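Asks: Residue numbers (the numbering used here), protein chains in the order written: chain U, 1 to 319; chain H, 1 to 135.
For the record, the hints were derived by calculation from the structure and aren't laboratory data.
Values in this document were obtained by computation on a predicted structure and should not be read as measured data.
Be careful, since some hints might not be right.
Unchecked claim - Facing chain H, a subset of chain U residues (Cβ under 8 angstroms, in silico):
#, residue
1, 76
2, 116
3, 142
4, 147
5, 148
6, 149
7, 266
Unchecked claim - One side of the interface only, derived from the structure: several residues of chain U facing chain H at Cβ under 7 angstroms:
#, residue
8, 125
9, 146
10, 274
Idealized CB from N, CA, C, for every residue including glycine.
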Amino acid sequence: MAPAHFSSFELLLLKSRYQPDTAALLLLAWVFVNKRVVLDEDRHYLEALAHGYRHTQDLDTLLAIAAGRNLTDIQLAAEVLLHEWVDEQFLPFLCRAIGLATSDGVLSLRNHHILRFLADLSGVGPAAFARLFREITGQPLATPDDPSRHLYWQENATADAPHAAQSDTDTSTVEKKTLWQRWHAKRQSARTRRQQAREKLHQRQARERQEEARRQTREQQDKERRKAYERQEQQRQKQERQQDTPGSAPPPHYRIRLALRILELDEYASRHEIKQAYRRLAQRHHPDRFYGQSDLRIALASQRFQRIKDAYDYLMQNA
Amino acid sequence: MRDLYHRLDIPRHATPDTIARAAARCANQTLQADAKSVLGIDAHREVYDELHGLLSDLGQLRAGLGMTHAPHWCGDVANDFSPPPERIVSRQAQLTAKLEIALARHQSRQRRRGWFALVTLAALSTAYAAGRFWS
């Protein structure tokens, strides 16, 4: 009676040798069923993968799950991956997904969005994802078309017309054959390109690591130098002040000092500087700048503004 | 990609008549033109609906996984297809809970079977002893 409560994917997951493999296979099957043209090669590829994961008999079940709009199973697969894998383990999976989605030359509109979802799942940002896509397919990653626009349909109408005429003249077998050959050649070139890309990636990673180390050492040196300089500066200022204070005017009243500190000035600020500081701070802290935000923020801003204004008024009267 | 149904404030399976009326009522000229050329033509609407379904699914998925603010989910798509926030339910936790229930049931059944076997054995042995005694 217990097995009745588990969905077919959950059963597969429980039986699997390594759960993330099963989950990745489901997501790849999801990419596969959303392709525009389904090639036999892709199916063979998936079968080989499934065989490697010891799911030879279960591929049809997985494809059926992926084809049905079964959100819970796909969410479960994504959660399993997020739970089990760290960032680097996602990369080969993402590469596989991109290769599978683009093996027929065009990325379908649905797969555009699905691949972006998978990239988010893998924690790969837009720039890195575009680079990866370029390395694997040799084409830049385009932004997906928008069928909710009037323009999309106009462009498609003009683009589709000659294509349709052509496909009428060709027989379906010839088209299939040429498509097959073209695909084969593309796959060969893609494989070499992928290898090159992998080597390049390794090289770049090594270089980045070196640069990172170099930058860190440089930053540390900079920091130490800056600290030493600041210490010297502080000592110098202290000495100057000690020399100055006995000869010069007595230090200003503490309220004036407080007001000056509110205006973020030192003790020797001129009238002009005070005015400038007041204008700058008033602009920054004016409550009208926080219009539409929470009441708490507005209240805090008006408090700050009031304090600044009081300080300025006091200074203008007494300094 | 925008959610035209949402922007026109009509249900997903609205009739062409409703769509035409909503489009006529719409003040935004661009949206009006888009609604007429996308939802007004059946072939276009079919393609649009297919992608619309996928994107709402992806929105749900992202909400469930807590990825509604991920870098690839941006622009019109994110604006129109993110569902309102709700409590996130982890499917993996659900699966674990289900497994635990099944396991507990199985164990209790085993235990019950063990007790039953013990009681039967005791009854049989007493019957045997009684038979020997009385005969």
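Asks: Determine for every hint whether it applies to the structure shown.
Replies: Hints, one by one, checked against the model:
1. Against a cut-off of 8 angstroms between C-beta atoms, the interface hint on residue 76 of chain U holds, since the closest Cβ of chain H lies about 4 angstroms away.
2. At about 4 angstroms, the closest approach between the beta carbon of residue 116 of chain U and any beta carbon in chain H falls short of 8 angstroms, and the interface hint on this residue holds.
3. Evaluation of the residue 142 of chain U hint against chain H yields a violated restraint, the C-beta minimum of about 14 angstroms exceeding 8 angstroms.
4. Taking 8 angstroms as the C-beta contact cut-off toward chain H, the hint placing residue 147 of chain U at the interface holds, the least distance being around 5 angstroms.
5. Interface restraint check for residue 148 of chain U: the shortest CB-CB distance to chain H comes to about 5 angstroms, inside 8 angstroms, so the restraint holds.
6. Interface hint at residue 149 of chain U: satisfied, since its Cβ lies 6 angstroms from the closest Cβ of chain H, which is below the 8 angstroms cut-off.
7. Restraint check, residue 266 of chain U versus chain H: the minimum CB separation of about 43 angstroms is more than 8 angstroms; hint violated.
8. Because the closest C-beta pair between residue 125 of chain U and chain H is about 5 angstroms apart, less than 7 angstroms, the hint holds.
9. A cut of 7 angstroms between beta carbons decides the hint on residue 146 of chain U: the least distance to chain H is about 5 angstroms, and the hint holds.
10. At about 44 angstroms, the closest approach between the beta carbon of residue 274 of chain U and any beta carbon in chain H exceeds 7 angstroms, and the interface hint on this residue is violated.
The structure does not agree with the numbered hints 3, 7, 10 stated previously, though it agrees with the rest.
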